[in-house]
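*Asks:* Sequence:
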Amino acid sequence: MLKIQEPGFEQFLRREIVLILSKGAFYCFWLGQAAGAMLLLLEWVGLAQGFTLPAVWAMFCGAVALVLRQLLFWDRFFGPVHYFAFGLIVSLPSFLYLIAHFLTPHGALTYMTGPSSHLYYLLILLSGFMMNKRLSIGLGSLAGIEYFLFYLWDKDQLAVLQIADPLLHQDLTDPSVYLLKPMIMFFCGLLTGVVSARNLELLRKVLAEEREKTALDRLFGQYVSLPIKNKLIAEKRDLFAESKTVTVLFADLRSFTHLCEELEPAQLVGLLNRYFDVMVKGINSSGGVVDKFIGDAVMAVFGGVLELRNPCASAFEAALKMRWGLAKLNKQLQMEGLPTLENGIGIHVGLAVQGTIGSAQRKEFTVIGDVVNLASRLEEMTKELGLPVLFSRDVYDQLTDDFRHGAQNFGTRKVKGRVKGIEVFGFGDPTDTT
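Residue 348 in our numbering sits at position 348 of the sequence shown; the count goes up by one each step and never skips.
Where hints are given, some of them may not hold.
Label-pair ranges, simulated between beta-carbon atoms [stated by the list, open to error]:
1. 158 - 102: 15 to 21 Å
2. 358 - 209: 23 to 29 Å
3. 165 - 114: 17 to 23 Å
4. 206 - 67: 32 to 38 Å
5. 87 - 211: 19 to 25 Å
6. 129 - 53: 26 to 32 Å
7. 262 - 419: 39 to 45 Å
8. 332 - 380: 47 to 53 Å
9. 46 - 165: 26 to 32 Å
10. 202 - 168: 41 to 47 Å
11. 10 - 294: 44 to 50 Å
What the hints contain is simulated information worked out from the structure, not anything from laboratory work. We put the CB at the ideal spot given by N, CA and C, even for glycine.
Construct the complete structure from the given sequences, taking the supplied hints into account.
*Replies:* Right under this line is the structure:
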């Protein structure tokens, strides 16, 4: 078998070969027994004569198939053994010719023009499952040589044949016919070897590409959300943009500068990663897509790439989960003697443009628009208004009654960068932090 560089590929290929050949050997065993039994029955009822030798040979071929199946199960069929085993298998018709040479009046020629000669081709083709070019070519050569040698051994018996049809007589006695068949056997082995080797190369390339794709997906997924990746692949365009009404959630960590001064860099990064794990889990579980991390802040979009029935409700649900998760994380941090964390969350809904933005060398898929700025401004207001979650009237109007219950109306508030103020609602921490 050809050597494969990818780890695990040879084991995978062996399993497939064993599966295919073991099933084939099982059916060949019963085919050989059935064929032998049928020939014996035909001779016994008087419908044919001289079928005893072919019948025994057919049953013997079936038994060889059973031995092959057992070798496969014992995992002893690979390496040098499979060259020897396939050499014996492809020589099965030759065994019949050898016995016929000593037991029949016309020797091997009695069966060389019959169905047994076609078995050579089938067995040569069977070697293609081994994906071994040298094996197939070698078997084609072996079969051709054996067939022609038996012809040379008993060719004198052809002189006694008396056939009225000159074309049929030529087909049965002309040496060129017996030379052509071995040539076809050789080319059958050559073609089988070339095709199987090419198939092996294609399998190797496909597996390598799949492994590379999996590795890229794993790496890409650390930087880009899966829905965004799928969107970019589906669009198949370098430049993609669309206008859409989306809900944007901004969450920012409080007192980050103090944390930077208090913790070692490794501790700080580890703490941030744990915090972001909690935030992203809350976002993803509610159908949101993380758009980007901005320092210690995270921006998520609902109803952008993924269609949602109620993006505002999903974003509000995510905010509650994020606060629940943060409360649990703080309990763990207290037990570990680490500083606890606090954040603010702002949510707004509106028209935005989502698409690929950047230079020719570096692009990212993101959402831009006034809705993004307002969500960020609402998050900043959480410090002033004293509630961890703030959202606009547009978001409030889309919420269910269950989510509206407990919301506090702060009235119209001036927002930095805007002439008109917006009506702001707030929500405290959920009571359930278990």
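*Asks:* What are the numbers of the hints the structure violates, in ascending order?
*Replies:* 5, 8
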